[in-house]
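**Q** Going line by line, the protein sequences match chains H and X. With the working numbering applied, the first sequence corresponds to residues 421 to 1062, in that order. With the working numbering applied, the second sequence corresponds to residues 513 to 619, in that order.
Calculated directly from the structure, the hints in this document are not laboratory data. Some clues are possibly wrong.
[As the list claims (entries may be wrong)] For each label pair, taking beta carbons as the anchor points, the in silico distance ranges come out as:
| # | chain 1 | residue 1 | chain 2 | residue 2 | range |
| --- | --- | --- | --- | --- | --- |
| 1 | H | Ser1037 | X | Ile531 | 47 to 55 Å |
| 2 | X | Phe583 | H | Gln1032 | 29 to 37 Å |
| 3 | H | Gly1020 | X | Phe568 | 43 to 51 Å |
| 4 | H | Gly1013 | X | Ile531 | 47 to 55 Å |
| 5 | H | Lys1057 | X | Phe568 | 21 to 29 Å |
| 6 | X | Met552 | H | Gly1013 | 53 to 61 Å |
| 7 | H | Ala1018 | X | Tyr571 | 55 to 63 Å |
| 8 | X | Arg544 | H | Ala1018 | 39 to 47 Å |
| 9 | H | Gly1020 | X | Ala535 | 56 to 64 Å |
| 10 | H | Gln1032 | X | Tyr571 | 38 to 46 Å |
| 11 | X | Ile531 | H | Gly1046 | 30 to 38 Å |
| 12 | X | Ile531 | H | Val1021 | 17 to 25 Å |
| 13 | H | Ser1037 | X | Phe583 | 41 to 49 Å |
| 14 | X | Phe583 | H | Val1021 | 41 to 49 Å |
[Claimed, not checked] Some residues of chain H that are not near chain X, with every Cβ distance over 12 Å (derived):
| # | residue |
| --- | --- |
| 15 | Asp579 |
| 16 | Asn922 |
| 17 | Leu1010 |
[As the list claims (entries may be wrong)] Partial chain X-side listing against chain H, Cβ under 8 Å, derived:
| # | residue |
| --- | --- |
| 18 | Asn559 |
| 19 | Asn562 |
| 20 | Glu591 |
| 21 | Ile611 |
Heads up, the beta-carbon is just placed ideally off N, CA and C, and yes, glycines get one too.
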Amino acid sequence: MPQDLTLILLLSFPLLGFAINGIFGKQLPKMVIGSIATVAVFASFLLATSLFSRLDGTTIVNLFNVLDFENLQINASFQIDALSIWMTLIITGVGSLIHLFSIGYMSHDEGFYKFFTYLNLFIFSMLILVLGSNYFVLFFGWEGVGMCSYLLISFHYNDAQKGIANSLAGRKAFIMNRIGDVGLLVALFMIIGQFNTLEYTKIGHLIESNKALTGGAMFFITLSLFIAATGKSAQIPLFTWLPDAMAGPTPVSALIHAATMVTAGIYLTVRSNFLFELAPFTQNIILYTGLATTLFAAFMALRQNDIKKVLAYSTVSQLGLMFVALGFGAYTVALFHVTTHAFFKALLFLGSGSVIHGMHEEQDIRKMGGLAKLMPITHFTFLIGTMAISGIPFLSGFFSKDEIMAQALHHNTFAYIVLVIAVTMTAVYMFRLYFLTFHGEFRGGDQLKSKVHESGPSMTLPLIILAILSIFGGLLNLPGLFFKNSAHWFDHFLSAGTFGLNHIHPVHLDFATSIQLMIFASIVALSVLIWAYLNYVKKGNIAKDDKDLNGWERLSAAKLFVDELYNVLIVNPILAISDFTGKIIDIKLLRNGVYALADGVLNSANISRKWQSGFLSSYLFWMVFGLIIFVAYYILKISVWH
Amino acid sequence: MQANMSIGTSLDFFLFVAIALFAIGAIGAMTRKNMIVLLMCIELMLNAVNLMLVTFSTYYGNGDAQIFVFFTMVVAAAEATVGLSIIIMAYRNLKSIDIDMYNQLKN
């Protein structure tokens, strides 16, 4: 099958699943709906592997022309290269596992068909986003995933207790994303102004042939692109929507708010690497934003008691870590962490989903404990995910984090120290979460304990597959000290096959430094593991109630009061202005003005309609009266004239 | 031109008669309710105009206006037939020829 046909099929399967489930979903049985959606994504995954195996440089597939101006052409065209296919593999691979998981997780939900419709639409939009060969197509997918994210966060909008909170969470995500979208739009317009094209490859060649393009324009373009990335990828200052987005069903959190959509900002930056390379100042902004995000989010995660909130802040923190790598210009390193993060964070979220499902919608870790015996498979896979994200040696997260730490050590010691603190905190909150959930005594009461059950095979199978990937994901990009020849496979693969990246060579540290780094990271992770075990299992400490928290703990539990700060600084002033315009300008000025106009017309019409009495004699009277006026006027005019 | 007035009376006399006729017709049309009387009032106004046309025709010694009067009379006759048949049809509807009964189109 030729590449372009494969690509079109790959894109159309999720769209087809979306159409079938969206139109006929109500009539179909749940098993069929879930199978259609899952098979559609899995078929795309198979086609992606076929494209992956035949990958050969950069191929552009042009479907049709969207806009045709004299000096600007925008095509719906797609780009097959290492970067886009790798992202496609992650999206469809992890996506099909999460679809499979959702069949079990959502089995009791009324909106079953709607859920899978949205999920398929999301996969389609996300594929458009990563496969497009220009910023216009990317923008199309960018908006599509934003909409699906909104729909899925507020999926349970009519829930009796949490319906309004869910809707508000969806709204918050949507508005925050829109701020980022404005950045993307501005960047797009500036790129058109600067290059007269939106095609990645054309922009790249223009930059190559004209090295003089630097300075202000590049800075503003890249800064706008980065604002877009902060919106989608939940970086400071636009990160507060992601923890709230946990209001959505857990598979959604796993798929959209951990594994795929939130990495769109990183994809955008990697894709625009040739622009960012010309704007060192933006790279510094990215670096320090990433550092601040990873540190603060890790801190906020320390004292969260909602199992999904911990994972949400962890996601924000890990995304910050990826942006640190981007700030150093280490694009392949960032994408390596995107990949491993997709594995272990999807695993952790699905594991938490399995726990929540088994606990009958209980999300508070203070009511859990001792689940290891009740849910053995979930427990074991969750442990692997925890170890992977905490950087326990030889799991995937260990290698990908180590790469980022190595970059930091090479470029900037301050960044390295901050990262060490953040990574340590990651291990702390993850092991706290793990031990509080799965060890110790069950704290949810006997009645609930008797109902807790291990999830069915459609939910445990994805967990097992993702656990295997989380263990061995690190093999993709082994550092130089293992297997000298096949090391850094992922770096070479991406650099060789992606436009722009072939000019950038990530630094690799020498043998001694990297082995020191690894040993240090291992010691940190293992000592945190032992500390957490002693603290939470041996001493039996459990999460305190909010009122017992001391200084820093309260700060962490209250999420550093960022939401409150935003409320005071932005939300309340906007509400006040809206209140003013709504109550004064709208009602007093505009509405009353329009009403007065209408009343005036009505009243004058009421007066004049009395003329139309229907009595012939009155009509005649007015006719004669008018005649007399005319005659009188002309007589007067003539007599005065003379 | 004035020499052509063969009658001893002045032009004013005829004009006053015509105006009076017209005024009677107009006021009658405005005030009376009976449709037949209304029709008669309209005839009065038409004939007032005819009289004025004939007067001026004689006064200026020009026959054109007199030809025009014939047309007016024909039209008046036609109008009378149409008007009378409308009155008959109206009477069949409401059993009345009071013009104020026929204000149904108002609302």
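**Q** Is the nearest CB of chain X more than 12 Å from the CB of Asn922 (chain H)?
**A** Asn922 (chain H) clear of chain X: closest Cβ-Cβ about 84 Å, beyond 12 Å.
**Q** May I ask you to test the hint 53 to 61 Å on the CB atoms belonging to Met552 (chain X) and Gly1013 (chain H)?
**A** With a Cβ separation near 55 Å, Met552 (chain X) and Gly1013 (chain H) satisfy 53 to 61 Å, so the hint holds.
**Q** Look at the Cβ atoms of Gly1020 (chain H) and Phe568 (chain X) and judge whether their distance stays inside 43 to 51 Å.
**A** holds (50 Å)
**Q** So, Asn562 (chain X) near chain H? Judge it on the closest CB pair being under 8 Å.
**A** Cβ of Asn562 (chain X) sits 18 Å from chain H, so the hint is violated.
**Q** Look at the Cβ atoms of Gln1032 (chain H) and Tyr571 (chain X) and judge whether their distance stays inside 38 to 46 Å.
**A** With a Cβ separation near 42 Å, Gln1032 (chain H) and Tyr571 (chain X) satisfy 38 to 46 Å, so the hint holds.
**Q** Do the Cβ positions of Arg544 (chain X) and Ala1018 (chain H) conform to the proposed distance bound of 39 to 47 Å?
**A** Distance hint for Arg544 (chain X), Ala1018 (chain H) holds at roughly 41 Å.
**Q** Taking 17 to 25 Å as the stated bounds, is the beta-carbon spacing between Ile531 (chain X) and Val1021 (chain H) within them?
**A** The hinted range 17 to 25 Å is violated for Ile531 (chain X) and Val1021 (chain H), with Cβ atoms some 42 Å apart.
**Q** Per the CB criterion, is Asn559 (chain X) less than 8 Å away from chain H?
**A** Constraint on Asn559 (chain X) not satisfied, violated at 17 Å.
**Q** Regarding Gly1013 (chain H) and Ile531 (chain X), is the given constraint of 47 to 55 Å on their beta-carbon distance met?
**A** holds (53 Å)
**Q** Do the beta carbons of Phe583 (chain X) and Val1021 (chain H) sit within 41 to 49 Å of each other?
**A** holds (45 Å)
**Q** Mind checking the hinted window 55 to 63 Å against the Cβ distance between Ala1018 (chain H) and Tyr571 (chain X)?
**A** holds (59 Å)
**Q** Does Glu591 (chain X) pass the interface hint, meaning its C-beta sits closer than 8 Å to a C-beta of chain H?
**A** violated (16 Å)
Consistency note: the structure conflicts with the earlier hints numbered 1, 9, 11, 12, 13, 18, 19 and 20.
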